[in-house]
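There are 2 protein chains.
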Amino acid sequence: MDLKALYKLGYGMYVVSSKKGDKINAQIANTVFQVTSEPPTVAVSINKKNLTWEYIHKSKVFAASVLCTDTPLAFIGRFGFKSGRDTNKFEGVSYKLGMTGSPIVLENTVSYLEAKVTQEVDAGTHTIFIAELVDANVLNEKTTLTYEYYQQVKRGTTPKTAPSYVEVKKEA
Amino acid sequence: MDLKALYKLGYGMYVVSSKKGDKINAQIANTVFQVTSEPPTVAVSINKKNLTWEYIHKSKVFAASVLCTDTPLAFIGRFGFKSGRDTNKFEGVSYKLGMTGSPIVLENTVSYLEAKVTQEVDAGTHTIFIAELVDANVLNEKTTLTYEYYQQVKRGTTPKTAPSYVEVKKEA
Chain W
1 MDLKALYKLG
11 YGMYVVSSKK
21 GDKINAQIAN
31 TVFQVTSEPP
41 TVAVSINKKN
51 LTWEYIHKSK
61 VFAASVLCTD
71 TPLAFIGRFG
81 FKSGRDTNKF
91 EGVSYKLGMT
101 GSPIVLENTV
111 SYLEAKVTQE
121 VDAGTHTIFI
131 AELVDANVLN
141 EKTTLTYEYY
151 QQVKRGTTPK
161 TAPSYVEVKK
171 EA
Chain B
1 MDLKALYKLG
11 YGMYVVSSKK
21 GDKINAQIAN
31 TVFQVTSEPP
41 TVAVSINKKN
51 LTWEYIHKSK
61 VFAASVLCTD
71 TPLAFIGRFG
81 FKSGRDTNKF
91 EGVSYKLGMT
101 GSPIVLENTV
111 SYLEAKVTQE
121 VDAGTHTIFI
131 AELVDANVLN
141 EKTTLTYEYY
151 QQVKRGTTPK
161 TAPSYVEVKK
171 EA
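Read top to bottom, the protein sequences are chains W and B. If you're matching positions, the first sequence starts at 1 in the working numbering and goes up one per residue. If you're matching positions, the second sequence starts at 1 in the working numbering and goes up one per residue.
Everything labelled a hint here was simulated from the structure, so no lab data went into it. Treat each hint with caution, since some may be false.
Chain copies aren't distinguished; within one or between two, either way the pair holds.
As the list claims (entries may be wrong) - Calculated lysine-lysine pairs in the DSS-like style (CA-CA distance at most 27 Å, straight line):
id, residue 1, residue 2
1, Lys-58, Lys-96
2, Lys-96, Lys-49
3, Lys-48, Lys-142
4, Lys-96, Lys-116
5, Lys-4, Lys-116
6, Lys-4, Lys-60
7, Lys-142, Lys-4
8, Lys-49, Lys-116
9, Lys-4, Lys-96
10, Lys-116, Lys-48
Please build the complete structure, drawing on both the sequences and the hints.
Below you can see the structure in the form of structure tokens.
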């Protein structure tokens, strides 16, 4: 079995955000996808260790901001490689609070959606949150950042807590 | 709410296949994604009306062949816009039966995976099949076909049974 086959799956890149009381947090995720069109329903897979998981699990709402191709690596690093337990990830970032109270990123973003969780599916290390759309908007006509582009062109790396992390052993 | 925001989500394009006894069938899907890495687990959202849904639901196995960018539209049409109830979709197609008995497409394919279903999540019109990998391989280093590329460059269309179908009303 060659797990590198999983690298070939296609994904976008998203800032997935939520709230807890008056606190907000967000993380990078690549597993946002539409589940049904009637009613418009999406799902996202989030690692249980992440602070954003705790916020979504408690508030039952999240937003997903779809990143564009020219998103700077530092912007992805801010949301993807730091924990909201140690830092306010939104300091200096342009955002607005959506109708669910979740923060929507307004820079490097093509479109966004907000959703209310209707089902939580336990998938071991991750939870798949299934959620009905309550708002969605297109901000511009930029191109969506793909995970493949992020990996190959930007030579980005994947943290171990991502669902798409594959441990590739280097040959000695 | 502008549902066109959902068009901006990033996906690959896959031939998702299964079996029922000695019968095989497959369909096009864009919602194959990795859920966890330990154990390697994927998920796919399939419309309950589709024959492939019935096969996966009964056999509890499926394969996903990751399509490459230069896949001809006619090849996608064969699997995506016809029903296996009326036609043998694999006639004339190069494939092999994998270890689960599901057919793996060997043309226009970058990599493939086979999986055994561990959970079925009812999402209304669709079922999300969560499944543990039993085999996976990379066939070549071609580029994965993205749904965006398929939509925009190939001017492909989306059947109403797809999870990503969005009814866009034309102005009078």
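The hints, checked one at a time:
| no. | hint | in the structure |
| --- | --- | --- |
| 1 | Lys-58 - Lys-96 | within (21 Å within a copy, 46 Å between copies) |
| 2 | Lys-96 - Lys-49 | within (26 Å within a copy, 40 Å between copies) |
| 3 | Lys-48 - Lys-142 | neither (32 Å within a copy, 34 Å between copies) |
| 4 | Lys-96 - Lys-116 | within (18 Å within a copy, 42 Å between copies) |
| 5 | Lys-4 - Lys-116 | between (34 Å within a copy, 19 Å between copies) |
| 6 | Lys-4 - Lys-60 | between (34 Å within a copy, 24 Å between copies) |
| 7 | Lys-142 - Lys-4 | between (29 Å within a copy, 13 Å between copies) |
| 8 | Lys-49 - Lys-116 | both (21 Å within a copy, 26 Å between copies) |
| 9 | Lys-4 - Lys-96 | between (38 Å within a copy, 20 Å between copies) |
| 10 | Lys-116 - Lys-48 | both (18 Å within a copy, 23 Å between copies) |
The structure fails to meet hint 3 from the earlier list, while all remaining hints are met.
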